[in-house]
Amino acid sequence: MSGQPVRVVRGWEWARPERPARREVVAAVPELDQAKPPLLFVPGFGHGAWAFAEHWLGHAAGRGFPAYALSLRGHGDSEPAPGATLRSYTHDVVQVAASLPRQAVLVGHGAGARVVAHALARYPARAAVLVAPVLGGWGTFGTALRRNPAGTLPAVFGAGLRLNRRQLFSRELPDAEARRYVARLGRASRRAQWQLLTGRQPEPAVGRPPVLVLGSPDDRVVPPGALTRAARRYASAPLLFPGMGHDLMLDARWREPVDAILDWLEKDPAPALG
Amino acid sequence: MSSSTDLGRPDPAVAPTADGRPVSDRGDTVCVIGAGASGLTAVKNLREAGFGVDCYERETGVGGAWNWRHDRSPVYASTHLISSRPFTQFPDFPMPDDWPDYPHHAQLLSYFERYADHFDLRQHVWFGTEVVRVEPVEGDRWDVTTRSTGGYGPERTSRYAAVVLANGHNWSPKLPRYEGLEQFRGEVMHASSYKDPAQLRGKRVLVVGAGNTGCDIAVEAAQQASRCWHSTRRGYWYAPKYVFGRPADQVNDTLLALRVPLRVRQWLYHWTLRLTVGDLTRFGLPRPDHRVYETHPIANSQLVYYVGHGEVTPVPDVARFGDRTVELADGREIDPDLVVFATGYLPRFEFLEGRVLGDADGSGRPRLWLNAFAAGHPTLAVVGLVQPDSGIFPISHWQSVLFARLLTLRTTHPDRAAAFGRRVTAGLGERYSGKVKDSTRHWFEVGHADYLRALQRALHDLEGK
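Sequence lines, in order, name chains A and B.
Number 209 in full-length UniProt numbering belongs to position 209 of the first sequence; there are no gaps in the numbering.
Number 382 in full-length UniProt numbering belongs to position 382 of the second sequence; there are no gaps in the numbering.
To be clear, the hints were calculated from the coordinates, so they are not data collected in a lab.
Just so you know, these numbers come straight off a predicted model, no measurement behind them.
Beta carbons are placed, not taken as given, at the ideal position from N, Cα and C, and that holds for glycine.
A couple of the hints might just be wrong.
Said to hold, decoys possible - Label-pair restraints from in silico Cβ distances:
| no. | chain 1 | residue 1 | chain 2 | residue 2 | range |
| --- | --- | --- | --- | --- | --- |
| 1 | B | D279 | A | P20 | 48 to 58 Å |
| 2 | A | A270 | B | D289 | 53 to 63 Å |
| 3 | A | S99 | B | G153 | 32 to 42 Å |
| 4 | B | L175 | A | Q34 | 52 to 62 Å |
| 5 | B | E138 | A | A270 | 47 to 57 Å |
| 6 | A | P20 | B | P197 | 29 to 39 Å |
| 7 | B | D71 | A | T228 | 55 to 65 Å |
| 8 | A | G137 | B | D279 | 51 to 61 Å |
| 9 | B | D317 | A | Q201 | 49 to 59 Å |
| 10 | A | R7 | B | E182 | 18 to 28 Å |
| 11 | A | P20 | B | H80 | 14 to 24 Å |
| 12 | A | W12 | B | E155 | 18 to 28 Å |
As the list claims (entries may be wrong) - Stretches of chain B that chain A covers, calculated by requiring three or more beta carbons in the stretch to come under 8 Å of a beta carbon on chain A:
| no. | region |
| --- | --- |
| 13 | 174 to 182 |
| 14 | 449 to 462 |
Given only the sequences and the hints, what does the whole structure look like? Please build it.
Following this line, the structure appears as structure tokens:
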């Protein structure tokens with residue numbers, strides 16, 4: 001990620017700044033300020049802040065980390081935004097990150113990890129965590145088409161991408177709970193879905209944040225090879241949690257990955273090289 | 001690299017200054033002078049690159065010129081930004097997108113305070129401490145002598161690996177000389193002392209100068225004073241803050257992004273102004289003697305409006321002052337109670353010998369490359385010494401990023417750092433705008449797109465890309 005040159009001149013972004021949108025931000029803040037960096041959780045396409053509010057926010061706050069989750073525009077209780085682009089989503093993340101009292105750690109899940117990767121070029125995060133990252137490209141599309149043709153094909157023609165229960169969760173998660181979560185899923189905008197495949201790759205991160213990649217070898221959305229490639233991009237190896245589905249924050253053993261993230265942050269990882 | 005800690009006792013191993021004063025060695029720490037917008041971003045970017053930083057701020061808070069509680073702040077009650085948010089905010093710390101296009105100065109101060117807290121910068125700032133002297137010493141290092149702003153306590157000298165000058169350039173008033181001004185018995189002030197419209201209320205006011213401040217004060221006088229004359233030396237283009245319902249600078253940058261040539265942009269600009277503002281000479285304003293983009297842009301939607309309502313009377317340059325009257329260049333006499341000189345500011349680096357910045361004759365115009373780097377001093381940078389046709393803070397950000405990378409390269413790739421030094425010497429005095437009027441106000445004028453492009457090239461060269 002450090003091979004690309006820095007981009008200083010951003011004529012179009014200055015000339016056509018992103019339209020503001022009302023954003024849902026859910027917070028769980030520890031009772032006692034322990035001077036730990038705030039975490040900002042960014043859900044993937046179709047998910048909202050609720051996905052992190054379920055378990056991870058409270059758990060992080062319980063361990064002394066102020067924890068926030070946002071719903072990208074058009075998701076959760078944020079303002080509807082059918083014409084949103086990846087740039088709009090990135091804007092939402094950077095706006096919320098900059099509004100936090102201290103330099104934040106960005107945690108992106110699924111396609112939210114791609115949004116976080118873009119946001120890292122616009123905001124010097126304290127650190128970043130990419131959970132089961134869907135960083136885009138045609139490989140992602142191929143996997144989705146192979147694993148879930150019925151949910152993926154309509155998306156090619158502008159419908160929403162539909163992920164099924166087996167892709168998102170392990171068999172350990174009680175059926176009723178899984179069904180409840182799937183029923184809450186929304187959809188990303190059509191343009192953003194396309195940009196996930198065809199859009200520009202993220203620019204280099206500013207502020208040299210350390211980056212952790214984690215996921216599951218049994219994830220039926222992100223194959224292990226993609227996890228390794230994502231980690232290699234940030235000069236590390238992925239942290240793996242076998243037996244879990246794509247939605248690690250909602251799956252039965254949700255506690256293990258979040259504890260791993262918090263342990264990593266407590267070790268105060270060094271800034272990236274370069 | 002050392003981190004910033006308490007300044008220790010003078011280090012006996014370090015050679016004292018030329019006049020025998022003891023010196024504390026601060027190792028690889030970088031000294032930043034000023035905790036205004038430019039200083040803060042320098043502290044943040046140097047910390048991000050792993051340097052220890054000591055920042056000296058003469059006031060007790062951050063924000064510099066934008067903290068109107070500070071002695072040297074030029075800000076007045078109604079000051080709003082002239083460039084819209086995307087051109088003003090730091091590139092990596094956006095202003096809230098529910099703020100107005102042109103925020104108020106109080107919002108800007110809260111933005112800088114939040115920036116300082118968000119990146120935990122205050123711990124690196126020595127508040128209430130002013131810099132008395134900055135002297136180059138061997139090994140490209142710097143002796144910085146400080147004392148408390150009140151002048152109490154002893155002076156203290158510390159040796160730094162590098163210095164960033166971010167002391168601002170809008171605090172030392174530039175006062176014009178006029179025949180008879182000393183005898184004038186009315187009230188005279190520089191715009192730097194103007195804080196509140198109450199100062200104008202019910203008075204007969206003459207505002208001298210057609211910069212953005214002069215126009216703002218003339219508009220306030222139109223609403224508060226019993227009479228307002230606005231004296232300008234030449235005709236200007238008064239650009240509205242909005243065109244086609246959008247901030248004018250965003251419309252302008254749409255044309256820049258489309259790479260429309262300057263001549264065509266000038267033509268479009270003139271055409272738009274003719275459609276929206278109309279013929280200024282009809283209002284009694286002088287015809288501009290230059291094309292747009294050739295002087296610092298004036299963004300004011302209200303001046304022409306108040307001229308049209310008779311609340312502002314445009315008048316030519318002042319010829320001389322009488323006892324109670326002011327004679328104008330066209331022979332007319334007016335009788336103001338209050339004269340406000342909105343005649344700008346001069347950059348000053350009173351703690352540094354002029355020749356260090358290539359200003360041996362003391363003209364107040366340093367000769368630098370990229371308005372930031374001095375020949376022969378690879379560990380010195382001036383941040384924010386620009387008069388852009390847009391916001392300064394993004395420029396300060398990238399200048400300090402470039403300097404931080406240069407300092408890092410001095411250790412990791414000394415050859416590239418040396419090549420940068422040669423580039424500095426070759427490029428001294430380079431300009432980054434089209435043709436502009438020659439005046440003290442315009443010698444450091446830069447076009448934001450040209451300048452940032454030059455900075456981007458310098459960054460790429462430094463990175464070997």
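We went through each hint and held it up to the structure:
Between D279 (chain B) and P20 (chain A) the CB atoms are about 37 Å apart, so this pair departs from the stated range of 48 to 58 Å. Distance hint check: the CB atoms of A270 (chain A) and D289 (chain B) are about 59 Å apart, consistent with the given range 53 to 63 Å. Checked against the hint of 32 to 42 Å, the pair S99 (chain A) and G153 (chain B) passes, with Cβ atoms roughly 40 Å apart. For the pair L175 (chain B) and Q34 (chain A), the supplied restraint of 52 to 62 Å holds, since their beta-carbon distance comes to about 54 Å.
Between E138 (chain B) and A270 (chain A) the Cβ separation comes to about 33 Å, which falls outside the hinted range of 47 to 57 Å. For P20 (chain A) and P197 (chain B), the Cβ-Cβ distance of about 31 Å falls inside the hinted range of 29 to 39 Å, so the restraint holds. D71 (chain B) and T228 (chain A) have their C-beta atoms about 59 Å apart, which keeps the hinted 55 to 65 Å range intact. At about 57 Å, the CB distance of G137 (chain A) to D279 (chain B) agrees with the hint of 51 to 61 Å.
A beta carbon spacing of about 57 Å between D317 (chain B) and Q201 (chain A) agrees with the range 49 to 59 Å that was offered as a hint. Taken as a hint, the range 18 to 28 Å is violated for the pair R7 (chain A) and E182 (chain B), whose Cβ atoms sit roughly 55 Å apart. One distance hint, 14 to 24 Å for the beta-carbon pair P20 (chain A) and H80 (chain B), holds here, with the actual separation near 19 Å. At roughly 51 Å, the beta-carbon separation of W12 (chain A) and E155 (chain B) lies outside the given 18 to 28 Å, and the hint is violated.
Requiring three or more residues with a Cβ within less than 8 Å of a Cβ of chain A, the coverage given for the region 174 to 182 of chain B is violated, as only 0 such residues are present. For the region 449 to 462 of chain B, the assignment as covered by chain A holds, since 7 residues bring a beta-carbon within under 8 Å of that chain's beta-carbons and 3 suffice.
The structure fails hints 1, 5, 10, 12, 13 (numbered hints given earlier, in ascending order).
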